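2 protein chains.
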Amino acid sequence: MKRSERLINMTNYLLAHPHELISLSLFVEKYNSAKSSISEDLTLVKKTFLEQGIGEIKTISGVTGGLKFIPKISDELGKKMVDSLCEEMSEEDRLLPGGYVYLSDLLGQPKLLREVGQIIASKYADKKVDYVMTVATKGVPIAQAVSYLLNVPFVIVRRDSKITEGATVSINYASGSSHRIEKMELSKRSLKEDSRVLIVDDFMKGGGTIHGMESLISEFKSTVAGICVFAEARFNGEREIVSPYDSLLFVQDVDTKTKNIKVVPGNIYKKEADEI
Amino acid sequence: MKRSERLINMTNYLLAHPHELISLSLFVEKYNSAKSSISEDLTLVKKTFLEQGIGEIKTISGVTGGLKFIPKISDELGKKMVDSLCEEMSEEDRLLPGGYVYLSDLLGQPKLLREVGQIIASKYADKKVDYVMTVATKGVPIAQAVSYLLNVPFVIVRRDSKITEGATVSINYASGSSHRIEKMELSKRSLKEDSRVLIVDDFMKGGGTIHGMESLISEFKSTVAGICVFAEARFNGEREIVSPYDSLLFVQDVDTKTKNIKVVPGNIYKKEADEI
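Top to bottom, those sequences are chains W and S. Each residue of the first sequence is one higher than the one before, counting from 2 in the working numbering. Each residue of the second sequence is one higher than the one before, counting from 2 in the working numbering.
Extracted from the complex, chain W is given alone in its bound form:
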């Protein structure tokens, strides 16, 4: 196969297999080319991926070595994406009765979800995540977008039991915004013990739901690898949440009279979240 064809094919292959250990010999066989040619190709791909902000290609040496494509966008690009998200979120017709913000259309747009996935997967690229966890329903698209790029499964916690889940583990938690005791459950076979779990969700107010997921993770004898929400809202009550978290957006102010929503960037690019 010619170099030009190899480069196109290799780019496609790497993009479809993020965070996966690929042995050099796979490409040698796949393209029926010499190892030295493949190495030269990879140097080109590596350079372009880095320059264009697509991600890193890591070389793992040793007998079981090879390479790994780590999707990673620059903070600069991520900040730009967050800024344009702030604008979209600030549209006044998003305000619903009770001060809630309408998000469903945004969380159904493939372009936006790809970007949200890139931002979160870049941030947690080195955190050894085994699973992404979210709660049904609106967190699911975010979890899937991140799962695609980290190349790990995602699991969905449910508030209602379904026969199609089999045996479940359930916990009770205090819903921060309404101060009610609610229940959430996760299928017993969906999470292996001793895993590192990244929690994602669409919206955080009191933090009760996130806190509930943390408890659920410890029921599965696993560890929280990180917490990241699409948007957090100013909350004047007592926050349930204790662990450090990242947010892409911060809904600073909602004025139900003037129908104004003020959305600013969240904390994801403001500080390094403490290591958990």
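You may find that some hints are simply not true.
Since the list can't tell identical chains apart, any single copy or any two copies may satisfy a pair.
Unchecked claim - Straight-line Cα separation of at most 25 Å, BS3-like style, residue types lysine-lysine; simulated pairs:
no.	residue 1	residue 2
1	K271	K80
2	K3	K47
3	K222	K163
4	K163	K263
5	K81	K31
6	K112	K73
7	K193	K260
8	K189	K112
9	K258	K189
10	K112	K193
11	K31	K80
12	K3	K36
13	K48	K3
14	K189	K260
To be clear, the hints were calculated from the coordinates, so they are not data collected in a lab. These numbers were taken from a predicted model, which means no experiment stands behind them.
Keeping the supplied structure of chain W fixed, place chain S upon it in accordance with the hints.
Below, chain S alone, put in the same frame as chain W:
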């Protein structure tokens, strides 16, 4: 920019912008290269995408012309993917009480979802889909996978009302398997009138849920562009569904005593679904 770098970058760009009209001048400016060089690059990319089963690159001529990348895998590759799905689905520990099949783990695997997306998006690539529709919760990952590749938004129909959805349109429908009257609703602002909607779901038994979504689409003065389910089950009662549909898998037999599940390929590669 050098040809090799352009090819890598262009491949990445096209893969991230499926079904989108891209003008040649975008690449001319982006890569600061002559139009003739870009055309040569595209010929190479087009050839490789076709040969490797990644998809087609269509040239649209005229002043408002340009090119479009249409993700499309071959039927041959699709059939292979379906065969391996059959194997995974046939594992005996998937059988739940009542003859239900445990699917949640599969529908949380990024590799599997990418493949399911490729199969469905290939089939409906030319059906002028404006939206992908599904019902919460387990249909969501499938809808998103297809939405990524068709590059159209997806909308989620819910069985329970949520304040964060704003005004909704709701309908009642007969749940085929349990013969109960249930309710489903969709946020009023999530679907524009006169749209063409592709319905996807994880599992079809009596077809009641699918039929409900069809009714909902007509309430929005829109048209069903197609119906595709991940798995359908043998159903001895009267099927609610009338419109033609595609299925990736067919759960032929479930034996609760021996805990055997027999899964065979669905109808997606067996016939051309009638045009709707």
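Hint check results:
Taking identical chains as interchangeable, the C-alpha atoms of K271 and K80 lie at most 25 Å apart only when both belong to the same chain, with a minimum of 10 Å there against 48 Å between chains. Taking the shortest Cα distances, K3 and K47 sit within 25 Å of each other both inside one copy (18 Å) and across copies (14 Å). Taking identical chains as interchangeable, the C-alpha atoms of K222 and K163 lie at most 25 Å apart only when both belong to the same chain, with a minimum of 23 Å there against 32 Å between chains. Only between protomers do K163 and K263 lie at most 25 Å apart by alpha-carbon distance; the minimum there is 23 Å, versus 38 Å within a single protomer.
Taking identical chains as interchangeable, the C-alpha atoms of K81 and K31 lie at most 25 Å apart only when they sit on different chains, with a minimum of 18 Å there against 38 Å within one chain. For the identical chains of this complex, K112 and K73 are neighbours both inside a copy (17 Å) and across copies (19 Å), given an alpha-carbon limit of 25 Å. In this assembly of identical chains, K193 and K260 lie within 25 Å of each other by CA distance solely across copies; the values are 23 Å between and 46 Å within a copy. In this assembly of identical chains, K189 and K112 lie within 25 Å of each other by CA distance solely across copies; the values are 22 Å between and 33 Å within a copy.
Proximity of K258 to K189 under the C-alpha cut-off of 25 Å is restricted to the inter-copy arrangement: shortest distance 22 Å between copies versus 46 Å within a copy. Within a single copy, K112 and K193 get their C-alpha atoms only as close as 32 Å, which misses the 25 Å cut-off; across copies the closest is 19 Å, which meets it. For the identical chains of this complex, K31 and K80 are inter-copy neighbours only, at 21 Å across copies versus 38 Å inside a copy, given an alpha-carbon limit of 25 Å. For a Cα distance limit of 25 Å, the shortest separation of K3 from K36 qualifies both inside one copy, at 14 Å, and across copies, at 23 Å.
For a Cα distance limit of 25 Å, the shortest separation of K48 from K3 qualifies both inside one copy, at 19 Å, and across copies, at 12 Å. With identical chains, the CA atoms of K189 and K260 are at most 25 Å apart between copies only, with a shortest distance of 19 Å across copies and 44 Å within one.
In this structure, every one of the numbered hints holds.
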